[in-house]
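Quick note on this note's numbering: the sequence shown kicks off at 2 and runs consecutively.
Among these hints, one or two may not hold up.
Claimed, not checked - Quick list of the computed label-pair ranges, beta carbon to beta carbon:
#1 Asp69 <-> Lys147: 18 to 28 Å
#2 Lys152 <-> Leu36: 39 to 49 Å
#3 Asp175 <-> Gly153: 32 to 42 Å
#4 Ala37 <-> Arg142: 30 to 40 Å
#5 Ala49 <-> Thr154: 38 to 48 Å
#6 Leu36 <-> Gly153: 28 to 38 Å
#7 Gly121 <-> Asp60: 32 to 42 Å
#8 Arg197 <-> Asp60: 14 to 24 Å
#9 Ala183 <-> Gly153: 18 to 28 Å
#10 Arg51 <-> Ser3: 33 to 43 Å
#11 Leu157 <-> Arg51: 11 to 21 Å
#12 Glu86 <-> Ala116: 43 to 53 Å
#13 Pro34 <-> Arg59: 38 to 48 Å
Treat the hints as calculated values from the structure; they're not laboratory data.
Positions of the beta carbon are idealized from the N, C-alpha and C atoms, including for glycine.
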Amino acid sequence: MSVATLAVVVPAHDEERLLPVALAALARAARHPALAAVGVLTVVAADACRDRTEAVARDAGALVVRTDCRNPGRARAAGVRHALERSTARPSALWIATTDADSVVPPGWLAHQLARAREGWQAVVGTVALPLSSPLAAPHRALYEKTRPPKGTPWLHPHVHGANLGFAADAYLDAGGFPPLATGEDRALVHALERRGHRVLRTAACPVQTSPRLRPRAHGGFGHYLSAMARASDQPHGPSPVPGVGDPYDLGASGRADDVDA
(Lines of atoms letter the chains of each structure in order from A and count residues from 1; the text may use other names and numbers.)
(Lines give C-alpha, C1' and ligand atoms only; values in the text may rest on other atoms or scores of the structure.)
Protein backbone atom coordinates (compact mmCIF):
# COMPACT_ATOMS: atom_id res chain seq x y z
CA MET A 1 0.00 0.00 0.00
CA SER A 2 1.25 3.46 -0.88
CA VAL A 3 0.31 5.67 2.09
CA ALA A 4 -0.08 9.41 1.54
CA THR A 5 -1.70 10.23 4.89
CA LEU A 6 -1.86 8.70 8.35
CA ALA A 7 -4.90 9.68 10.42
CA VAL A 8 -5.13 8.91 14.14
CA VAL A 9 -8.58 8.72 15.74
CA VAL A 10 -8.96 9.11 19.52
CA PRO A 11 -12.42 8.82 21.12
CA ALA A 12 -12.68 10.71 24.41
CA HIS A 13 -15.34 11.14 27.09
CA ASP A 14 -14.38 13.62 29.83
CA GLU A 15 -10.66 12.95 29.44
CA GLU A 16 -9.14 16.38 30.17
CA ARG A 17 -6.71 14.82 32.69
CA LEU A 18 -5.25 12.04 30.56
CA LEU A 19 -5.72 13.38 27.03
CA PRO A 20 -2.72 15.79 27.10
CA VAL A 21 -0.32 12.90 27.74
CA ALA A 22 -1.93 10.79 25.01
CA LEU A 23 -1.71 13.61 22.47
CA ALA A 24 1.88 14.45 23.40
CA ALA A 25 2.84 10.82 22.75
CA LEU A 26 1.07 10.91 19.39
CA ALA A 27 2.86 14.13 18.45
CA ARG A 28 6.18 12.48 19.26
CA ALA A 29 5.27 9.43 17.17
CA ALA A 30 4.30 11.71 14.27
CA ARG A 31 7.81 13.23 14.29
CA HIS A 32 9.46 9.87 13.55
CA PRO A 33 11.86 10.19 10.58
CA ALA A 34 10.07 7.38 8.74
CA LEU A 35 7.01 9.64 8.42
CA ALA A 36 8.85 12.55 6.79
CA ALA A 37 7.04 12.14 3.46
CA VAL A 38 3.63 11.26 4.93
CA GLY A 39 0.93 13.63 6.15
CA VAL A 40 -0.33 13.02 9.69
CA LEU A 41 -3.56 14.29 11.22
CA THR A 42 -5.15 13.56 14.59
CA VAL A 43 -8.89 13.55 15.21
CA VAL A 44 -10.36 13.56 18.72
CA ALA A 45 -13.97 12.39 18.85
CA ALA A 46 -15.21 14.25 21.93
CA ASP A 47 -18.22 12.23 23.04
CA ALA A 48 -20.70 13.83 25.47
CA CYS A 49 -17.92 15.74 27.22
CA ARG A 50 -18.70 18.00 30.18
CA ASP A 51 -15.12 19.04 30.88
CA ARG A 52 -12.31 20.68 28.85
CA THR A 53 -11.61 17.69 26.61
CA GLU A 54 -12.42 19.63 23.42
CA ALA A 55 -10.28 22.61 24.42
CA VAL A 56 -7.37 20.36 25.39
CA ALA A 57 -7.55 18.61 22.02
CA ARG A 58 -7.66 21.87 20.04
CA ASP A 59 -4.81 23.34 22.08
CA ALA A 60 -2.71 20.32 21.09
CA GLY A 61 -3.46 20.88 17.41
CA ALA A 62 -5.92 18.02 16.96
CA LEU A 63 -9.06 18.18 14.87
CA VAL A 64 -12.20 17.74 16.96
CA VAL A 65 -15.51 16.18 16.06
CA ARG A 66 -18.25 16.40 18.68
CA THR A 67 -20.68 13.57 19.37
CA ASP A 68 -23.29 13.18 22.10
CA CYS A 69 -24.00 9.47 22.07
CA ARG A 70 -21.94 8.01 24.98
CA ASN A 71 -21.18 5.12 22.68
CA PRO A 72 -17.58 4.15 21.82
CA GLY A 73 -18.55 2.50 18.55
CA ARG A 74 -20.40 5.58 17.30
CA ALA A 75 -17.64 7.88 18.55
CA ARG A 76 -14.88 5.93 16.79
CA ALA A 77 -16.96 5.81 13.60
CA ALA A 78 -17.53 9.58 13.78
CA GLY A 79 -13.80 10.14 14.21
CA VAL A 80 -12.95 7.98 11.20
CA ARG A 81 -15.64 9.69 9.13
CA HIS A 82 -14.18 13.09 10.03
CA ALA A 83 -10.70 11.88 9.08
CA LEU A 84 -12.00 10.69 5.71
CA GLU A 85 -13.66 14.07 5.13
CA ARG A 86 -10.64 16.15 6.14
CA SER A 87 -7.94 14.10 4.45
CA THR A 88 -6.94 14.96 0.90
CA ALA A 89 -5.82 11.37 0.32
CA ARG A 90 -8.02 8.81 -1.39
CA PRO A 91 -9.21 5.94 0.84
CA SER A 92 -6.76 3.67 -0.99
CA ALA A 93 -3.88 5.90 0.19
CA LEU A 94 -5.16 6.66 3.71
CA TRP A 95 -4.13 4.62 6.76
CA ILE A 96 -6.14 5.09 9.94
CA ALA A 97 -4.77 4.29 13.39
CA THR A 98 -6.86 4.32 16.55
CA THR A 99 -5.88 4.65 20.18
CA ASP A 100 -7.58 5.78 23.39
CA ALA A 101 -7.44 8.98 25.40
CA ASP A 102 -6.11 7.12 28.45
CA SER A 103 -3.30 5.44 26.50
CA VAL A 104 0.26 6.32 25.51
CA VAL A 105 1.69 5.11 22.22
CA PRO A 106 5.44 4.43 21.91
CA PRO A 107 7.63 6.67 19.70
CA GLY A 108 7.79 4.14 16.88
CA TRP A 109 4.07 3.32 16.82
CA LEU A 110 3.05 5.17 13.67
CA ALA A 111 6.26 4.21 11.87
CA HIS A 112 5.54 0.57 12.74
CA GLN A 113 2.02 0.80 11.29
CA LEU A 114 3.28 2.58 8.18
CA ALA A 115 5.88 -0.15 7.59
CA ARG A 116 3.27 -2.88 7.92
CA ALA A 117 0.93 -1.05 5.51
CA ARG A 118 3.74 -0.81 2.96
CA GLU A 119 4.27 -4.56 3.33
CA GLY A 120 0.70 -5.09 2.18
CA TRP A 121 -1.12 -5.63 5.46
CA GLN A 122 -4.58 -4.06 5.51
CA ALA A 123 -4.99 -4.06 9.29
CA VAL A 124 -2.62 -4.22 12.25
CA VAL A 125 -3.99 -5.52 15.56
CA GLY A 126 -1.66 -4.72 18.46
CA THR A 127 -1.41 -5.36 22.18
CA VAL A 128 -1.49 -3.25 25.33
CA ALA A 129 0.48 -3.13 28.58
CA LEU A 130 -0.07 -1.56 32.00
CA PRO A 131 2.35 0.87 33.70
CA LEU A 132 4.90 -1.00 35.78
CA SER A 133 3.78 1.05 38.80
CA SER A 134 0.37 -0.63 38.73
CA PRO A 135 -0.09 -3.57 41.14
CA LEU A 136 -2.04 -5.21 38.33
CA ALA A 137 0.83 -5.09 35.83
CA ALA A 138 2.28 -8.51 36.70
CA PRO A 139 -1.01 -10.47 37.02
CA HIS A 140 -2.34 -8.81 33.87
CA ARG A 141 0.72 -9.75 31.86
CA ALA A 142 0.68 -13.34 33.13
CA LEU A 143 -2.94 -13.81 32.10
CA TYR A 144 -2.71 -11.70 28.94
CA GLU A 145 0.26 -13.63 27.56
CA LYS A 146 -0.90 -17.15 28.37
CA THR A 147 -0.93 -18.03 24.68
CA ARG A 148 2.52 -16.59 23.89
CA PRO A 149 4.78 -19.26 22.31
CA PRO A 150 8.47 -19.72 23.15
CA LYS A 151 10.71 -16.75 22.47
CA GLY A 152 11.64 -16.46 18.82
CA THR A 153 8.22 -17.59 17.57
CA PRO A 154 5.81 -14.85 16.43
CA TRP A 155 2.85 -14.48 18.78
CA LEU A 156 -0.37 -14.31 16.75
CA HIS A 157 -2.25 -13.13 19.82
CA PRO A 158 -6.05 -13.32 20.26
CA HIS A 159 -6.52 -9.78 21.59
CA VAL A 160 -8.17 -6.75 19.95
CA HIS A 161 -7.90 -3.24 21.39
CA GLY A 162 -9.11 0.04 19.97
CA ALA A 163 -6.12 1.50 21.83
CA ASN A 164 -3.73 -0.23 19.40
CA LEU A 165 -5.32 -0.74 16.03
CA GLY A 166 -4.69 0.37 12.47
CA PHE A 167 -6.28 -0.28 9.08
CA ALA A 168 -6.43 0.86 5.48
CA ALA A 169 -9.35 3.22 4.95
CA ASP A 170 -10.65 1.37 1.90
CA ALA A 171 -10.62 -1.94 3.80
CA TYR A 172 -12.45 -0.25 6.69
CA LEU A 173 -15.17 0.99 4.35
CA ASP A 174 -15.46 -2.41 2.69
CA ALA A 175 -15.92 -4.06 6.11
CA GLY A 176 -18.71 -1.67 7.09
CA GLY A 177 -16.79 0.41 9.63
CA PHE A 178 -17.12 0.46 13.40
CA PRO A 179 -20.56 -0.78 14.46
CA PRO A 180 -22.57 1.32 16.97
CA LEU A 181 -21.70 -0.87 19.96
CA ALA A 182 -21.19 0.25 23.56
CA THR A 183 -18.29 -2.21 23.81
CA GLY A 184 -16.58 -4.64 21.45
CA GLU A 185 -16.75 -2.38 18.41
CA ASP A 186 -13.04 -2.95 17.82
CA ARG A 187 -13.40 -6.74 17.85
CA ALA A 188 -16.43 -6.56 15.56
CA LEU A 189 -14.50 -4.50 13.01
CA VAL A 190 -11.51 -6.85 13.01
CA HIS A 191 -13.76 -9.88 12.60
CA ALA A 192 -15.52 -8.14 9.68
CA LEU A 193 -12.16 -7.38 8.06
CA GLU A 194 -11.16 -11.03 8.41
CA ARG A 195 -14.48 -12.25 7.01
CA ARG A 196 -14.05 -9.97 3.99
CA GLY A 197 -10.66 -11.53 3.30
CA HIS A 198 -8.46 -8.55 4.17
CA ARG A 199 -4.91 -9.21 5.35
CA VAL A 200 -4.94 -8.76 9.14
CA LEU A 201 -1.69 -8.87 11.13
CA ARG A 202 -1.87 -9.72 14.83
CA THR A 203 1.42 -8.66 16.38
CA ALA A 204 2.91 -7.95 19.79
CA ALA A 205 5.34 -5.40 18.37
CA CYS A 206 4.83 -1.82 19.60
CA PRO A 207 2.51 -2.42 22.57
CA VAL A 208 0.58 0.63 23.75
CA GLN A 209 0.57 1.56 27.43
CA THR A 210 -2.94 1.98 28.75
CA SER A 211 -4.41 3.22 32.01
CA PRO A 212 -5.10 0.69 34.79
CA ARG A 213 -8.11 2.61 36.04
CA LEU A 214 -10.59 0.41 37.85
CA ARG A 215 -13.75 2.42 37.29
CA PRO A 216 -14.89 1.10 33.91
CA ARG A 217 -16.21 3.51 31.28
CA ALA A 218 -17.99 0.66 29.48
CA HIS A 219 -19.43 -2.57 30.85
CA GLY A 220 -17.47 -5.45 29.40
CA GLY A 221 -14.60 -3.24 28.29
CA PHE A 222 -10.94 -3.32 29.35
CA GLY A 223 -11.62 -1.40 32.57
CA HIS A 224 -14.29 -3.92 33.53
CA TYR A 225 -11.78 -6.73 32.97
CA LEU A 226 -9.19 -4.97 35.15
CA SER A 227 -11.74 -4.31 37.88
CA ALA A 228 -12.62 -8.01 37.97
CA MET A 229 -8.92 -8.89 38.10
CA ALA A 230 -8.39 -6.47 40.99
CA ARG A 231 -11.22 -8.04 42.97
CA ALA A 232 -9.85 -11.51 42.33
CA SER A 233 -6.36 -10.51 43.47
CA ASP A 234 -7.54 -8.26 46.35
CA GLN A 235 -5.81 -5.23 44.85
CA PRO A 236 -6.96 -1.81 46.11
CA HIS A 237 -9.18 0.36 43.94
CA GLY A 238 -7.08 3.48 44.46
CA PRO A 239 -6.26 6.25 42.00
CA SER A 240 -4.81 5.05 38.72
CA PRO A 241 -1.42 6.41 37.66
CA VAL A 242 -1.32 8.48 34.51
CA PRO A 243 0.24 6.35 31.75
CA GLY A 244 3.60 7.63 30.60
CA VAL A 245 4.13 9.94 33.58
CA GLY A 246 6.69 9.16 36.26
CA ASP A 247 6.90 5.44 35.52
CA PRO A 248 6.85 4.88 31.77
CA TYR A 249 6.64 1.44 30.27
CA ASP A 250 10.11 1.41 28.75
CA LEU A 251 9.79 0.63 25.06
CA GLY A 252 12.99 2.33 23.98
CA ALA A 253 13.41 4.76 21.12
CA SER A 254 12.12 2.30 18.54
CA GLY A 255 8.88 1.62 20.39
CA ARG A 256 9.64 -2.09 20.56
CA ALA A 257 9.69 -4.08 23.78
CA ASP A 258 12.56 -6.49 24.42
CA ASP A 259 10.37 -9.56 24.00
CA VAL A 260 8.22 -8.67 21.01
CA ASP A 261 7.84 -10.87 17.98
CA ALA A 262 11.03 -12.06 16.35
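Hint-by-hint comparison with the structure:
1. Between Asp69 and Lys147 the beta carbons are some 39 Å apart, a value that contradicts the proposed interval 18 to 28 Å.
2. Checked against the hint of 39 to 49 Å, the pair Lys152 and Leu36 fails, with Cβ atoms roughly 30 Å apart.
3. For the pair Asp175 and Gly153, the beta carbons lie near 35 Å from each other, so the given range of 32 to 42 Å is met.
4. Separation of Ala37 from Arg142 is about 35 Å and conforms to the stated range, judged on CB atoms against 30 to 40 Å.
5. Range check, Ala49 to Thr154: Cβ separation about 44 Å, and the 38 to 48 Å hint holds.
6. Leu36 and Gly153 have their C-beta atoms about 30 Å apart, which keeps the hinted 28 to 38 Å range intact.
7. The hint said 32 to 42 Å for the Cβ distance between Gly121 and Asp60, and at roughly 38 Å that hint holds.
8. With their beta carbons about 39 Å apart, Arg197 and Asp60 fall outside the hinted range of 14 to 24 Å.
9. In this structure, Ala183 and Gly153 break the distance hint of 18 to 28 Å, their C-beta atoms being roughly 40 Å apart.
10. For the pair Arg51 and Ser3, the supplied restraint of 33 to 43 Å holds, since their beta-carbon distance comes to about 42 Å.
11. At about 41 Å, the CB distance of Leu157 to Arg51 disagrees with the hint of 11 to 21 Å.
12. Separation of Glu86 from Ala116 is about 27 Å and departs from the stated range, judged on CB atoms against 43 to 53 Å.
13. Under the hint 38 to 48 Å, the C-beta atoms of Pro34 and Arg59, about 27 Å apart, miss the expected range.
The earlier numbered hints that this structure contradicts are 1, 2, 8, 9, 11, 12 and 13.
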